[in-house]
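Novice: Below, each chain spelled out in residue letters.
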Amino acid sequence: MEKKLVLTNGTKKYKLKNETITAMDNVNLEIDMGKLYVIMGHSGSGKSTLIQMLGLLDSLTSGKLYINGDEISNISEDKKAELRKKEIGFVFQSFYLNPKLTALENVMLPMYINEKIKSSDRREIAEKLLEKLGLENRKTHYPKELSGGEQQRIAIARALANNPNYILADEPTGNLDSENEKNVYRILKELTKEGKAVVIVSHNENIKQYADEIFYMEAGKLRKGL
Amino acid sequence: MKINDYIYLASVNLKRRRKSFVVNVILISISLFILICCLSFSNSLSKAMNRALINNISYRSISAMSNKSIKTEELVDMVGSVEHVIKVVPQMKYETALEVSALDNENFSGNITVYGGNEEIYPNIIAGRSFYDDEKNVCIVPKEFYLFDMNKYDKEKSIDGESLIGKSIEITYYSYEYIENSAPIKKDKYTKTLKVIGVYDQDENMMNVNECYINFSDISDIMDIRLEGNNYSGIDTQGVTAIVDSSLNVNQVVETLESMDLRVIVRSVVNEKLIKIINLTSIFVSSVIMIIAFINITISSIKSIEERRYEIGMLKAIGYNRKNIIGILVIENIIIGIAAFIITIIISLIAILLVREKIFSNNISLKSIGLDLNLNTSMVSLIIALVVPVLSGIICSGKITKKNSITLNKER
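Protein chains in written order, with our numbering: chain A, 1 to 226; chain B, 227 to 638.
The reader is advised that the hints may include incorrect statements.
As the list claims (entries may be wrong) - Once the Cα atoms are required to be at most 30 Å apart in a straight line, the calculated DSS-like pairs of lysine-lysine come out as:
{"hint": "1", "chain 1": "A", "residue 1": "Lys3", "chain 2": "B", "residue 2": "Lys549"}
{"hint": "2", "chain 1": "A", "residue 1": "Lys100", "chain 2": "A", "residue 2": "Lys139"}
{"hint": "3", "chain 1": "A", "residue 1": "Lys15", "chain 2": "B", "residue 2": "Lys529"}
{"hint": "4", "chain 1": "B", "residue 1": "Lys629", "chain 2": "A", "residue 2": "Lys79"}
{"hint": "5", "chain 1": "A", "residue 1": "Lys118", "chain 2": "B", "residue 2": "Lys549"}
{"hint": "6", "chain 1": "B", "residue 1": "Lys636", "chain 2": "A", "residue 2": "Lys17"}
{"hint": "7", "chain 1": "A", "residue 1": "Lys139", "chain 2": "B", "residue 2": "Lys549"}
{"hint": "8", "chain 1": "A", "residue 1": "Lys139", "chain 2": "B", "residue 2": "Lys636"}
{"hint": "9", "chain 1": "A", "residue 1": "Lys100", "chain 2": "B", "residue 2": "Lys549"}
{"hint": "10", "chain 1": "A", "residue 1": "Lys64", "chain 2": "B", "residue 2": "Lys549"}
{"hint": "11", "chain 1": "B", "residue 1": "Lys297", "chain 2": "B", "residue 2": "Lys313"}
{"hint": "12", "chain 1": "A", "residue 1": "Lys15", "chain 2": "B", "residue 2": "Lys228"}
{"hint": "13", "chain 1": "A", "residue 1": "Lys144", "chain 2": "B", "residue 2": "Lys628"}
{"hint": "14", "chain 1": "B", "residue 1": "Lys228", "chain 2": "A", "residue 2": "Lys118"}
{"hint": "15", "chain 1": "B", "residue 1": "Lys636", "chain 2": "A", "residue 2": "Lys189"}
{"hint": "16", "chain 1": "A", "residue 1": "Lys139", "chain 2": "B", "residue 2": "Lys228"}
{"hint": "17", "chain 1": "B", "residue 1": "Lys228", "chain 2": "A", "residue 2": "Lys79"}
{"hint": "18", "chain 1": "B", "residue 1": "Lys549", "chain 2": "A", "residue 2": "Lys15"}
{"hint": "19", "chain 1": "A", "residue 1": "Lys15", "chain 2": "B", "residue 2": "Lys313"}
{"hint": "20", "chain 1": "A", "residue 1": "Lys4", "chain 2": "B", "residue 2": "Lys629"}
{"hint": "21", "chain 1": "B", "residue 1": "Lys628", "chain 2": "A", "residue 2": "Lys86"}
{"hint": "22", "chain 1": "A", "residue 1": "Lys144", "chain 2": "B", "residue 2": "Lys629"}
Unchecked claim - Here are some of the chain A residues that sit facing chain B, going by a computed Cβ distance under 8 Å:
{"hint": "23", "residue": "Gln52"}
{"hint": "24", "residue": "Tyr66"}
{"hint": "25", "residue": "Glu77"}
{"hint": "26", "residue": "Arg84"}
{"hint": "27", "residue": "Lys85"}
{"hint": "28", "residue": "Lys100"}
{"hint": "29", "residue": "Pro110"}
{"hint": "30", "residue": "Ile113"}
{"hint": "31", "residue": "Arg158"}
To be verified - Selected chain B positions facing chain A (in silico; Cβ < 8 Å):
{"hint": "32", "residue": "Asp231"}
{"hint": "33", "residue": "Ile233"}
{"hint": "34", "residue": "Leu235"}
{"hint": "35", "residue": "Cys263"}
{"hint": "36", "residue": "Ser327"}
{"hint": "37", "residue": "Thr482"}
{"hint": "38", "residue": "Glu537"}
{"hint": "39", "residue": "Lys542"}
{"hint": "40", "residue": "Ile544"}
These aren't lab readings, by the way, just hints derived from the structure by calculation.
C-beta atoms are modelled at their ideal positions from N, C-alpha and C, and glycine is treated no differently.
Using the sequences and the hints given, assemble the complete structure.
Specialist: Below you can see the structure in the form of structure tokens.
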């Protein structure tokens with residue numbers, strides 16, 4: 001079965017008091033392996049909503065979502081968690097690390113729910129990931145002891161912990177300086193060479209140079225960029 | 227996810243949130259401590275009250291006399307066959323007056339009245355102990371002990387009964403020569419030394435200050451000597467004294483004896499309404515305290531989980547399902563509950579011991595309450611320490627985990 005993430009006629013509406021907001025309106029998107037996709041747009045355009053739908057962090061109001069050929073639009077919360085665990089690694093703008101765990105422990109966290117990884121292997125896998133991202137000397141540090149760039153790299157390492165096929169990043173460099181921003185983009189681009197599909201949401205023009213495909217989101221509608 | 231992983235993650239979370247962990251343990255411990263103290267005191271007081279009222283010998287003693295001329299032995303058998311009657315003695319072998327000839331090995335002149343008792347039948351002891359098995363030559367004295375003629379009662383001359391524990395009272399009695407139509411003539415003198423083993427509260431037991439308890443067999447020995455040579459017909463006009471197993475069964479025994487055409491006199495009647503009020507009050511107070519403890523612990527557990535919405539959202543985002551998240555939080559709460567329970571039990575034991583030794587021991591009436599930490603109270607506390615945090619944790623985290631991780635991240 002070909003590995004793809006496919007969204008057809010995806011719509012997401014939110015009810016706020018007396019009005020209904022359409023955050024995403026009939027969006028169609030296909031994500032293939034080994035490519036870096038960038039979704040750009042201004043604040044409030046619906047790009048974060050789109051990536052949250054792709055990452056199964058929220059549910060579509062209408063439309064269909066397929067992962068590796070299976071329709072997953074209306075599956076249970078437990079099955080969504082299962083897919084997030086196995087197929088999807090999510091990177092947030094705010095890093096979303098556990099402040100009470102060290103860098104190494106944060107990276108190991110997704111492995112506890114992955115029955116395919118033996119408990120004796122967890123530490124080794126996490127250390128290798130941190131080494132790959134240049135953080136081998138920071139593994140015993142807590143997030144508050146690390147810079148923004150280091151925290152985001154830990155978040156990326158955590159997203160890779162269960163070796164997912166899809167990496168989704170929502171404004172991953174939003175809180176970083178330009179040096180760290182380049183570093184993060186480079187790391188995410190490297191992942192496509194490993195055969196992973198990477199989707200990045202950003203309003204930063206600097207990302208374009210790393211993209212294989214660019215899309216623009218405006219008022220909930222998606223169009224392909226040139 | 228394996229149970230080891232749940233426990234590991236839970237303990238790491240607690241270790242890294244040391245302050246919050248300690249605060250939660252303290253809050254739960256305080257609630258449990260108050261609960262244990264109230265339950266222990268209430269339970270001990272209720273037991274002491276029940277012991278004083280229900281098991282008081284005075285409330286359990288019935289005098290029974292026949293309207294017909296039947297031999298004492300027959301009367302003893304008849305009354306002894308009644309359900310709930312645990313001891314029947316001829317009246318003359320239940321109570322008798324004695325002379326005191328020595329006190330603590332020094333010559334003394336006084337009078338006491340003795341009643342029969344044994345290892346099952348004895349007044350509420352407030353110092354020392356009661357009888358062992360069929361122990362002879364021992365006695366239980368009142369806390370205010372007056373060894374003289376009760377008609378000339380002078381409180382100043384009373385002795386503190388507790389000061390006599392371990393000391394001896396020598397009593398004197400005589401055998402008699404019985405001549406028809408004459409008063410009995412004293413023949414031989416006998417003495418018996420009784421060692422004081424315990425003290426009872428004469429007010430609580432509605433006895434007089436010169437009334438003691440000795441073994442039934444001691445009274446029987448004395449009366450056998452006194453009555454030797456007395457060719458009485460065996461028909462005892464004084465009747466018999468029956469001891470009932472509980473004052474709550476006295477009415478039933480009285481009815482049965484009366485149906486046997488016996489005249490019955492109950493020494494004292496227990497106020498059953500009072501007992502019910504005491505027990506209900508005790509249950510009510512305990513229940514209120516328990517509800518308050520329940521609420522305090524629930525609020526503490528819910529608050530600690532609510533503060534971790536961000537973390538719960540993060541776990542959901544990386545693939546943890548509701549069962550995983552609730553499992554970790556439940557185990558955290560179990561650890562907190564066990565820690566609080568252990569600390570509370572240790573502190574409660576120390577507190578109860580201190581109160582008993584430093585405060586209650588100085589007052590002979592308070593001493594009789596017998597404050598202790600019993601198994602039931604401990605089990606109730608353990609259940610509350612574990613079940614309440616776990617249940618409130620499940621309910622609270624169940625609600626929170628229904629929200630998606632984006633919403634939970636925003637609620638940070």
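Novice: Please go over all the hints and tell whether each is borne out by the structure.
Specialist: Hints, one by one, checked against the model:
Proposed proximity of lysine 3/A and lysine 549/B is supported: the alpha carbons are some 29 Å apart, at most 30 Å. Restraint check for lysine 100/A and lysine 139/A: the C-alpha separation of about 13 Å stays at or below 30 Å, so the hint holds. With a C-alpha separation of about 29 Å, the suggested pairing of lysine 15/A with lysine 529/B holds against the 30 Å cut-off. At roughly 16 Å between alpha-carbon atoms, lysine 629/B and lysine 79/A fall within 30 Å of each other, so this suggested pair holds.
The straight-line distance between the Cα atoms of lysine 118/A and lysine 549/B is roughly 20 Å, inside the 30 Å bound, and the hint therefore holds. This hinted pair checks out: lysine 636/B and lysine 17/A have alpha carbons roughly 18 Å apart, not beyond 30 Å. Between lysine 139/A and lysine 549/B, the direct Cα distance comes to roughly 29 Å. Compliance with the 30 Å bound is thereby established for this hinted pair. With a C-alpha separation of about 27 Å, the suggested pairing of lysine 139/A with lysine 636/B holds against the 30 Å cut-off.
Pair hint lysine 100/A plus lysine 549/B holds up; C-alpha atoms about 21 Å apart against a cutoff of 30 Å. A threshold of 30 Å between alpha carbons decides the hint, and for lysine 64/A with lysine 549/B the separation of about 27 Å falls inside it, so the pair holds. The hinted pair formed by lysine 297/B and lysine 313/B meets the criterion: a straight-line CA distance of about 18 Å does not exceed 30 Å. Taking the CA atoms of lysine 15/A and lysine 228/B, the gap is near 40 Å; set against the 30 Å cutoff, the hint is violated.
With a C-alpha separation of about 29 Å, the suggested pair lysine 144/A and lysine 628/B falls inside the 30 Å cut-off, and the hint holds. With a C-alpha separation of about 11 Å, the suggested pair lysine 228/B and lysine 118/A falls inside the 30 Å cut-off, and the hint holds. Between the alpha carbons of lysine 636/B and lysine 189/A the distance comes to roughly 29 Å, so the proposed pair stays at or under 30 Å and holds. Using a Cα cut-off of 30 Å, the hinted pair lysine 139/A and lysine 228/B holds, with the two alpha carbons roughly 25 Å apart.
A hinted pair counts as satisfied when its Cα atoms are at most 30 Å apart, and lysine 228/B with lysine 79/A qualifies at roughly 19 Å. Between lysine 549/B and lysine 15/A the alpha-carbon distance is near 29 Å, which keeps this suggested pair within the 30 Å criterion. About 83 Å separates the Cα atoms of lysine 15/A and lysine 313/B, which puts this hinted pair outside 30 Å; it is violated. For the hint linking lysine 4/A to lysine 629/B, the alpha-carbon distance of about 28 Å falls within 30 Å, and the restraint holds.
Our distance criterion of 30 Å between C-alpha atoms is met by lysine 628/B and lysine 86/A, whose separation comes to about 21 Å. Among the hinted pairs, lysine 144/A with lysine 629/B is consistent with the structure: their alpha-carbon atoms are about 27 Å apart, no more than 30 Å. With a cut of 8 Å, the hint placing glutamine 52/A at the interface with chain B holds, because the nearest CB-to-CB distance is about 6 Å. For tyrosine 66/A, the suggested interface contact is broken, since its CB lies about 19 Å from the closest CB of chain B, more than 8 Å.
With 8 Å as the threshold, the beta carbon of glutamate 77/A comes within range of chain B, its nearest partner Cβ sitting at about 7 Å, so the hint holds. The interface hint given for arginine 84/A holds, since its Cβ lies 4 Å from the closest Cβ of chain B, which is under the 8 Å cut-off. Hint status for lysine 85/A: holds, given a least beta-carbon distance of 3 Å to chain B, under 8 Å. A distance limit of 8 Å between C-beta atoms decides the matter here; for lysine 100/A the minimum to chain B is near 4 Å, and the interface restraint holds.
The restraint placing proline 110/A at the interface with chain B holds, with a minimum CB-CB distance near 5 Å, inside the 8 Å limit. Using the Cβ-Cβ criterion of 8 Å, the hint placing isoleucine 113/A at the interface with chain B is satisfied: the shortest such distance is roughly 5 Å. At a threshold of 8 Å, the smallest CB-CB gap from arginine 158/A to chain B is about 7 Å, leaving the interface hint in force. The criterion of a C-beta within 8 Å of any C-beta in chain A is met by aspartate 231/B, whose closest approach is roughly 5 Å, and the hint holds.
The interface hint given for isoleucine 233/B is broken, as the beta carbon of that residue sits about 11 Å from the closest beta carbon of chain A, more than 8 Å. Here the hint on leucine 235/B is kept, as its CB sits about 7 Å from the closest CB of chain A, short of 8 Å. Evaluation of the cysteine 263/B hint against chain A yields a violated restraint, the C-beta minimum of about 35 Å exceeding 8 Å. A hinted interface residue such as serine 327/B counts as satisfied when its beta carbon comes closer than 8 Å to some beta carbon of chain A; here the least separation is about 82 Å, so the hint is violated.
Interface hint status for threonine 482/B: violated, as the beta-carbon distance to the closest one in chain A is roughly 69 Å, over 8 Å. Proximity of glutamate 537/B to chain A holds as hinted, the smallest CB-CB distance being about 6 Å (cut-off 8 Å). Checking lysine 542/B against chain A: minimum C-beta separation of about 7 Å stays under 8 Å; hint holds. About 5 Å separates the beta-carbon of isoleucine 544/B from the nearest beta-carbon of chain A, less than 8 Å, and the hint is met.
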